[in-house]
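Asker: Work out the full structure, taking the sequences as your base and the hints as a guide.
For what it's worth, our numbering labels the leading residue of the sequence shown as 1, then goes sequentially.
Honestly, the hints are just simulated from the structure, not real lab data. Take the hints with a grain of salt, since some may be wrong.
Simulated pairs of lysine-lysine, DSS-like, Cα-Cα distance not exceeding 25 Å [to be verified]:
#, residue 1, residue 2
1, K79, K44
2, K44, K62
3, K62, K79
Source: prediction; values computed, not measured.
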Amino acid sequence: MTGLLAITGAGRTIRSSHGHVVATLGREIVGGRFPPGSILPGDKELGEVFGVSRTVLREAMKTLAAKRLIEAKTRVGTKVLEREQWNFLDPDVLRWRVETGLDARFIEDLATMRLAFEPEAAALACRRAGPADIERLGRIVEELGDPGHDRTSIAQVDLKFHLAVADISQNPFMRATSGLIEAALACVLRLSSPAEDAEMIRECADNHRLIVEAIASGDEDRARATMRTVIELGAARTQTALGDGAG
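Answerer: Structure, rendered in structure tokens:
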């Protein structure tokens, strides 16, 4: 019996839509239940598990193939592709990766990606931010400094700040990239949040305030540097949180 059958109730037939088939198999693949190189159960078995027609199942497989998670092989079956081939620019794939658990390598890779574009978004904001934009960022920083935050609430405000900087940059690619990694970023920010420590919350808000001050003054180099500092500190806190959780 496959792990999928076990998860769906030891073979209990369930009625499902195309989207549910895609989401369930996608999470199973990304989560490692069907590791790279493995062959998925056949159409007949999967059809019985999900209670769907072959047409629905094949459409679901096409969707997963478009996300570069699987590939149909003649006389072999449907093979799970190597992780390096997965399309992590697909919002579903990224969300499944977050939902099935983070590890140190993922945190490092996400931080590297953020460092590649968020400091530049801050620099662009120096050129393009108007008074209303500066006020907007200032309000978010004040909200960030509220000592009553829990992990979820402070992560939401932190995320709002970084999405706002990307928006103020007025670069559609910066905006799109920020929106793309929003789910992963929200999860990482929860892990790295300084909630439950009023002093650390204050320090976090102060570090973000330095970004706002740099943008307000039009100092692109300082905006880049302060954004890098915030990202690097957050990544370090996340790695520590993961290590504590493993212990």
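Asker: Hints first: check each against the structure and report whether it holds.
Answerer: Outcome of the hint check:
no.	hint	result
1	K79 / K44	holds, 16 Å
2	K44 / K62	holds, 16 Å
3	K62 / K79	holds, 13 Å
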